[in-house]
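S.K.: For reference, the chains in residue letters:
Protein chains: 2
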Amino acid sequence: MDKPYVAGIDIGGQTSKLGIVDARGTVISQTTIRTDTHSDVNLYIEDLSNALTRIADEVGGIDKLRGIGIGAPNGNYYTGTIENAVNLIWGGCNAIPFAKLMREKTGVPVALTNDANAAAVGEMTYGAARGMKNFIMITLGTGVGSGIVINGDVVYGHDGFAGELGHTTAVRNNGRLCNCGRVGCLETYTSAIGVARTAREWLEASDEPSVLREISETITSKDVYEAAAQGDALAIRVFEYTGKKLGESFAEFVAFSAPEAIVLFGGLARSGNLLLKPIEEHMNANLLPLWRNKIKIIFSQLKESDAAILGASALGWEIK
Amino acid sequence: MDKPYVAGIDIGGQTSKLGIVDARGTVISQTTIRTDTHSDVNLYIEDLSNALTRIADEVGGIDKLRGIGIGAPNGNYYTGTIENAVNLIWGGCNAIPFAKLMREKTGVPVALTNDANAAAVGEMTYGAARGMKNFIMITLGTGVGSGIVINGDVVYGHDGFAGELGHTTAVRNNGRLCNCGRVGCLETYTSAIGVARTAREWLEASDEPSVLREISETITSKDVYEAAAQGDALAIRVFEYTGKKLGESFAEFVAFSAPEAIVLFGGLARSGNLLLKPIEEHMNANLLPLWRNKIKIIFSQLKESDAAILGASALGWEIK
Numbered sequence: 001m002d003k004p005y006v007a008g009i010d011i012g013g014q015t016s017k018l019g020i021v022d023a024r025g026t027v028i029s030q031t032t033i034r035t036d037t038h039s040d041v042n043l044y045i046e047d048l049s050n051a052l053t054r055i056a057d058e059v060g061g062i063d064k065l066r067g068i069g070i071g072a073p074n075g076n077y078y079t080g081t082i083e084n085a086v087n088l089i090w091g092g093c094n095a096i097p098f099a100k101l102m103r104e105k106t107g108v109p110v111a112l113t114n115d116a117n118a119a120a121v122g123e124m125t126y127g128a129a130r131g132m133k134n135f136i137m138i139t140l141g142t143g144v145g146s147g148i149v150i151n152g153d154v155v156y157g158h159d160g161f162a163g164e165l166g167h168t169t170a171v172r173n174n175g176r177l178c179n180c181g182r183v184g185c186l187e188t189y190t191s192a193i194g195v196a197r198t199a200r201e202w203l204e205a206s207d208e209p210s211v212l213r214e215i216s217e218t219i220t221s222k223d224v225y226e227a228a229a230q231g232d233a234l235a236i237r238v239f240e241y242t243g244k245k246l247g248e249s250f251a252e253f254v255a256f257s258a259p260e261a262i263v264l265f266g267g268l269a270r271s272g273n274l275l276l277k278p279i280e281e282h283m284n285a286n287l288l289p290l291w292r293n294k295i296k297i298i299f300s301q302l303k304e305s306d307a308a309i310l311g312a313s314a315l316g317w318e319i320k
Numbered sequence: 001m002d003k004p005y006v007a008g009i010d011i012g013g014q015t016s017k018l019g020i021v022d023a024r025g026t027v028i029s030q031t032t033i034r035t036d037t038h039s040d041v042n043l044y045i046e047d048l049s050n051a052l053t054r055i056a057d058e059v060g061g062i063d064k065l066r067g068i069g070i071g072a073p074n075g076n077y078y079t080g081t082i083e084n085a086v087n088l089i090w091g092g093c094n095a096i097p098f099a100k101l102m103r104e105k106t107g108v109p110v111a112l113t114n115d116a117n118a119a120a121v122g123e124m125t126y127g128a129a130r131g132m133k134n135f136i137m138i139t140l141g142t143g144v145g146s147g148i149v150i151n152g153d154v155v156y157g158h159d160g161f162a163g164e165l166g167h168t169t170a171v172r173n174n175g176r177l178c179n180c181g182r183v184g185c186l187e188t189y190t191s192a193i194g195v196a197r198t199a200r201e202w203l204e205a206s207d208e209p210s211v212l213r214e215i216s217e218t219i220t221s222k223d224v225y226e227a228a229a230q231g232d233a234l235a236i237r238v239f240e241y242t243g244k245k246l247g248e249s250f251a252e253f254v255a256f257s258a259p260e261a262i263v264l265f266g267g268l269a270r271s272g273n274l275l276l277k278p279i280e281e282h283m284n285a286n287l288l289p290l291w292r293n294k295i296k297i298i299f300s301q302l303k304e305s306d307a308a309i310l311g312a313s314a315l316g317w318e319i320k
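Chain order of the listed sequences is A and B.
Mapped onto my numbering, the consecutive letters of the first sequence carry residue numbers 1 to 320.
Mapped onto my numbering, the consecutive letters of the second sequence carry residue numbers 1 to 320.
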């Protein structure tokens, strides 16, 4: 039987997005379900497979699916398990054999990884990294995630958890405390939350005028972006600082895998040159001469509303 | 015709070592020639192939060779060229098509990479990393080199130059100036030269008694090791500091590729627990919880006198 489609499922802490995708990266049908309403994973899987069956019916039924790709927090590609996912209400501390459960429920082959790795596969399959064999995906969201592609394959490492570049050290001494327990993680400076925190800290530390001062307590990275876009000097410097931290770290990543490009994804990636210019400046200042001005920094080309589904779905094509 | 051997050639600035190796990693015959007596690469290649022919005669002639593996400064695996190798008298600034020249001269297939990548392949083929698919080789010599293995393959990156972990940043602010032009490179703190420099700086900065004080000007990493082995407090602290810098950096590398082990090679790797204990302590203190106490730090198992030849030779088996 012909199987021209894949399903992509993006599992977030509150909601899960799922969709049916064709080989050109068109999302044919999609829906969302709540992630946080079941404390038992089997009930969640029941909901999820029912929703999947409904949207698959629009393309002729679940038998039309070649595979299901799933992006999930702490998803392990090798084992198909979700491990220690404290943000998932049914996650807990044990390794949940999620891919196996989903395969048993649907009869369709399942591949699972974390959301940033899924984004990298999505970008390579449908987006800005088409044709690239070596690149690094950096997702700038609530946290900072990464997916590393070498020779056309995502790097999963010895244990399935490689590519935690948001938890490399951006500030070695007196750095910010990270949720992971480490200090000075890149994520604490360059995630959406990190950007807002920088702005709040700087507002508290001086009397410099800024349009952000009125909303100091509830400030978000979007507020900082809008202020910077309007020419607010403090907000612009927050982006320069964020870009500096990213650029310095990117130089380290290049020394590791010599990628053709680093691809930026997520809300902050919409900041354009406000972020891109300082990233390029500080990355190049910290690169070995052989790489200077040769590594591309580019933005994701996936439509943001579809990206999570597309990224996960791309894994579905790769199932052997 | 049966081809049961490979040749390994390690090109250094002053001398080049070459040997014939069997599948078990036994160096059957070997010799050395000078690297620095010819300013023209063709004359050097003439010398090299003559020397190779001589040692190959001991195993029945050059026709018995399946391949020639070469480890050389700035060697590019993809192109077989040696580029910008300022330490080679015939290196210059142009890309020398070394693998091609050597193949034309000998009629044997040639693979070429830098010495640290060759060491990684050697360790995987004959040494401590046998059976490992994901590990990082760190060579602690005059400089600090690295060879990264992911899924059983050396990472060469987009351009053939990946794996320059000696030139990642160990100290971000007011770091030591590196020969590469960057500041704070891991190499400036943890190479043999870096260790001696730390000792000299600390001797100058205090009046603390130390057996190293008598030889302060000409101090080498070997002197520091011997002093530490005898219980000299300052020398022991130099190793603790060196191990701390390595351990902190190793935590970053693990976040990238989640290796099973990091393999140490080179003179400093003979320091044993003096270096190993602080590396393990500071690596684990900086790792994400999921990797803590799970990543092995091990020492090369290749005999140091044979290692350069073995490393290069291992490439010879991999030629498709």
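FYI, nobody ran anything at the bench for these hints, they're computed from the structure.
Among the clues, some could well be false.
No distinction is drawn between identical chains; accordingly, a pair holds when it is met within one copy or between any pair of copies.
[Unchecked claim] In silico EDC-like links for lysine to aspartate or glutamate, alpha-carbon gap of 16 Å or less:
| no. | residue 1 | residue 2 |
| --- | --- | --- |
| 1 | Lys-100 | Glu-208 |
| 2 | Lys-133 | Asp-153 |
| 3 | Lys-296 | Asp-159 |
| 4 | Lys-3 | Glu-208 |
| 5 | Lys-303 | Asp-2 |
| 6 | Lys-3 | Asp-223 |
| 7 | Lys-244 | Glu-260 |
| 8 | Lys-320 | Glu-248 |
| 9 | Lys-3 | Asp-63 |
| 10 | Lys-222 | Glu-46 |
| 11 | Lys-296 | Glu-83 |
| 12 | Lys-244 | Glu-83 |
S.K.: Does each hint fit the structure? Answer for all of them.
M.R.: Taking the hints in turn, this is what the structure says about them:
1. With identical chains, the CA atoms of Lys-100 and Glu-208 are never at most 16 Å apart, being 56 Å at best within one copy and 63 Å at best between copies.
2. Proximity of Lys-133 and Asp-153 under a CA criterion of 16 Å is satisfied in both settings, with 8 Å inside one chain copy and 14 Å between copies.
3. With identical chains, the CA atoms of Lys-296 and Asp-159 are at most 16 Å apart between copies only, with a shortest distance of 13 Å across copies and 29 Å within one.
4. In this assembly of identical chains, the alpha carbons of Lys-3 and Glu-208 never lie at most 16 Å apart, being 61 Å within a copy and 75 Å across copies at closest.
5. For a Cα distance limit of 16 Å, the shortest separation of Lys-303 from Asp-2 qualifies neither inside one copy, at 28 Å, nor across copies, at 57 Å.
6. Taking CA atoms no more than 16 Å apart as the test, Lys-3 paired with Asp-223 passes in neither setting, with 45 Å inside one copy and 68 Å between copies.
7. When the C-alpha separation of Lys-244 and Glu-260 is checked against a cutoff of 16 Å, the pair qualifies neither within a copy, at 20 Å, nor between copies, at 32 Å.
8. For a Cα distance limit of 16 Å, the shortest separation of Lys-320 from Glu-248 qualifies neither inside one copy, at 38 Å, nor across copies, at 38 Å.
9. For the homomeric pair Lys-3 and Asp-63, the shortest alpha-carbon distance inside one copy (7 Å) is at most 16 Å, but the shortest distance between copies (52 Å) is not.
10. When the C-alpha separation of Lys-222 and Glu-46 is checked against a cutoff of 16 Å, the pair qualifies neither within a copy, at 36 Å, nor between copies, at 65 Å.
11. Proximity of Lys-296 to Glu-83 under the C-alpha cut-off of 16 Å is found in neither arrangement, the shortest distances being 34 Å within a copy and 22 Å between copies.
12. Taking the closest pair of Cα atoms, Lys-244 and Glu-83 never come within 16 Å of each other, the shortest separation being 33 Å inside a single copy and 30 Å across copies.
In this structure, the hints that do not hold are numbers 1, 4, 5, 6, 7, 8, 10, 11 and 12, in rising order.
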